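K.L.:
Here's the letter readout for the chains.
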Amino acid sequence: MNIVPGRGGRFLLALLPFVLILLVYMAGSAQRRAENPDDKLLPPFSEMAETAHRLAFEPDRRTEETVLWTDTGASLQRLALGLGIATLIGLVAGLSIGLLPAVGATFATLIAVISMIPPMAVLPILFIVFGLGELSKVVLIIFGVAPFLIRDLALAVGNLPAEQMVKAQSLGASTWQLAIRVVLPQIMPRLIEAVRLSLGPAFLFLISAEAIAADVGLGYRIFLMRRYLAMDVILPYVAWITLLAFVLDFALKQIAHRAYPWAYAQERR
Amino acid sequence: MSAISIRNLWLEYGDQIVLERINLDIDAGGFISLVGPSGAGKSSFLRLLLGQERPSRGAILLDGKPLRPEPGPDRGVVFQRYSVFPHLTVLENVLVAFEFESSPVLAWLFGKARRDAIAKSEELLEEVGLEAHRDKYPSALSGGMQQRLAIAQALARRPRVLLLDEPFGALDPGTRAQMHALIRKLWRSCGTTVIMVTHDIKEAFGLGTRLIALDRTRLDPQAAGRFGATVTYDLDLRRDGPVPVLGFLKQPAPENGAPMNQGNHP
Chain A
1 MNIVPGRGGR FLLALLPFVL ILLVYMAGSA QRRAENPDDK LLPPFSEMAE TAHRLAFEPD
61 RRTEETVLWT DTGASLQRLA LGLGIATLIG LVAGLSIGLL PAVGATFATL IAVISMIPPM
121 AVLPILFIVF GLGELSKVVL IIFGVAPFLI RDLALAVGNL PAEQMVKAQS LGASTWQLAI
181 RVVLPQIMPR LIEAVRLSLG PAFLFLISAE AIAADVGLGY RIFLMRRYLA MDVILPYVAW
241 ITLLAFVLDF ALKQIAHRAY PWAYAQERR
Chain B
270 MSAISIRNLW LEYGDQIVLE RINLDIDAGG FISLVGPSGA GKSSFLRLLL GQERPSRGAI
330 LLDGKPLRPE PGPDRGVVFQ RYSVFPHLTV LENVLVAFEF ESSPVLAWLF GKARRDAIAK
390 SEELLEEVGL EAHRDKYPSA LSGGMQQRLA IAQALARRPR VLLLDEPFGA LDPGTRAQMH
450 ALIRKLWRSC GTTVIMVTHD IKEAFGLGTR LIALDRTRLD PQAAGRFGAT VTYDLDLRRD
510 GPVPVLGFLK QPAPENGAPM NQGNHP
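Quick note, the sequences are listed as chains A and B, same order. Just so you know, we're using this note's numbering here: the first sequence kicks off at 1 and counts up by one. Just so you know, we're using this note's numbering here: the second sequence kicks off at 270 and counts up by one.
Where hints are given, some of them may not hold.
[What the hints assert, rightly or not] With beta-carbon atoms standing in for the labels, derived distance ranges: (1) K381(B) with G6(A): 48 to 56 Å; (2) E400(B) with A108(A): 41 to 49 Å; (3) R326(B) with A251(A): 53 to 61 Å; (4) E400(B) with A251(A): 34 to 42 Å; (5) P442(B) with F18(A): 36 to 44 Å; (6) P335(B) with P201(A): 47 to 55 Å; (7) E339(B) with I21(A): 56 to 64 Å; (8) S174(A) with R276(B): 54 to 62 Å; (9) A388(B) with S174(A): 18 to 26 Å; (10) A80(A) with Q285(B): 29 to 37 Å; (11) P17(A) with G412(B): 38 to 46 Å; (12) P335(B) with M1(A): 43 to 51 Å; (13) F246(A) with Y282(B): 34 to 42 Å.
Hints listed in this document are in silico derivations from the structure and should not be mistaken for laboratory results. All of these numbers come straight from a predicted model, not from anything done at the bench. Glycine included, each C-beta is placed from N, C-alpha and C at the ideal position.
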């Protein structure tokens, strides 16, 4: 554990497994094409690039929209709404439950029970109640992510040292002042981290909901193309979704480190 | 005039009695050292004074009025750890006390009010010698500097009583001596009543004007929690005090090596 790679070394090491995976794919793809020129399972990169270019820059013949961007826009809008509302709920509810014993006694068990309900199991209910439109997809993301955020933040509030609460009150802070000046800023880094961890589940719920009932969206497209075994569409889409998730995760990390430098002062690296 | 009166105070957790029969009158402006073995209820006593806990029986009066049973700005506190806010810079840590005072809704000051509060905060930081570190976060400060900051913060609201819970327990001896000099200076200049819980007998005698020892006087071998701790020693440490401290050579500075084991501890 004492061999620590430098900055450039770390970058190269991080790159290495990606390069290996790409090489293995290229070899597999070339071999299958050699056996069967019509193979659909592992399309070569040239074919995928062609398809991706068509999806991203040429308007669809029927709808006259560029498919990739309409899909991305629709999906990101659902994701942003769902995650945004879930974050807000998580912050307010988590802070109240963690800070106020009376609120915690009332709602903590309820949240614990709700968080055990598999969100996909209530998707039919959401479709019935909220219809097949945007709302049910947004609500699914909220339902899947908010309980986790609430519990995580309530724990984070509970982990703040009791001494700090007493100290703030001895400086004259009311409960409200203590909540907004002492507790809120200290759980913000944890909130951002929890949202980062929720990105995966949020995408899962988004794509599941889109796969079941939608007429536009990244998940919808993938599941539509599955019928035609169109791996040349599916693979770039998966890569694109991964890239979106990665960029969101990275952006959140940067925001947390820029806005709350004190929270990362003790980190190992 | 006595700042704090304690009338027949008991603290019990279920069957376990922590404190019993405590009667004390603490004069305003005194420096009280509170000593006793571990588990004798020193910290519980401090929590009662803070209002973090309520007594099972008896009453605590602050300036003749019953103590509000929650922490408030009339009682400042410095703990051994976690006394400063890690998300605020040194200056903001003190400033926030003034913001709590003057801005009930936003807890944030603007314009002239903010500049005035910053000036007051800087004055306090200067008193504890932290003016050069005003823009650092507490994680960048040493343990001694963090305690200096905690003290400056605790004094911002001019509390009637300053409660110190082993404030220097985690510091190295050199830093501790500096802190003793600092706290003595501040106590003299602001005239607040100080109650300090400590494990360090030398510190207790060196700083205090009065020493109170808590311990259990009775012990039931079958039930350890049957009897609580009470005041076993109450010594006046002022030079002209009515109760002489027998055989004890009092030194003004604690680092000069005052003799320790004088049987003043049960």
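K.L.:
If a hint holds in the structure, say so; if it doesn't, say that too.
P.N.:
To see whether the hints hold, each was checked on the structure:
no.: 1; hint: K381(B) with G6(A): 48 to 56 Å; verdict: 51 Å, holds
no.: 2; hint: E400(B) with A108(A): 41 to 49 Å; verdict: 45 Å, holds
no.: 3; hint: R326(B) with A251(A): 53 to 61 Å; verdict: 58 Å, holds
no.: 4; hint: E400(B) with A251(A): 34 to 42 Å; verdict: 38 Å, holds
no.: 5; hint: P442(B) with F18(A): 36 to 44 Å; verdict: 55 Å, violated
no.: 6; hint: P335(B) with P201(A): 47 to 55 Å; verdict: 52 Å, holds
no.: 7; hint: E339(B) with I21(A): 56 to 64 Å; verdict: 60 Å, holds
no.: 8; hint: S174(A) with R276(B): 54 to 62 Å; verdict: 29 Å, violated
no.: 9; hint: A388(B) with S174(A): 18 to 26 Å; verdict: 25 Å, holds
no.: 10; hint: A80(A) with Q285(B): 29 to 37 Å; verdict: 54 Å, violated
no.: 11; hint: P17(A) with G412(B): 38 to 46 Å; verdict: 43 Å, holds
no.: 12; hint: P335(B) with M1(A): 43 to 51 Å; verdict: 58 Å, violated
no.: 13; hint: F246(A) with Y282(B): 34 to 42 Å; verdict: 52 Å, violated
In terms of the numbered hints stated before, the structure departs from hints 5, 8, 10, 12, 13, listed from lowest to highest.
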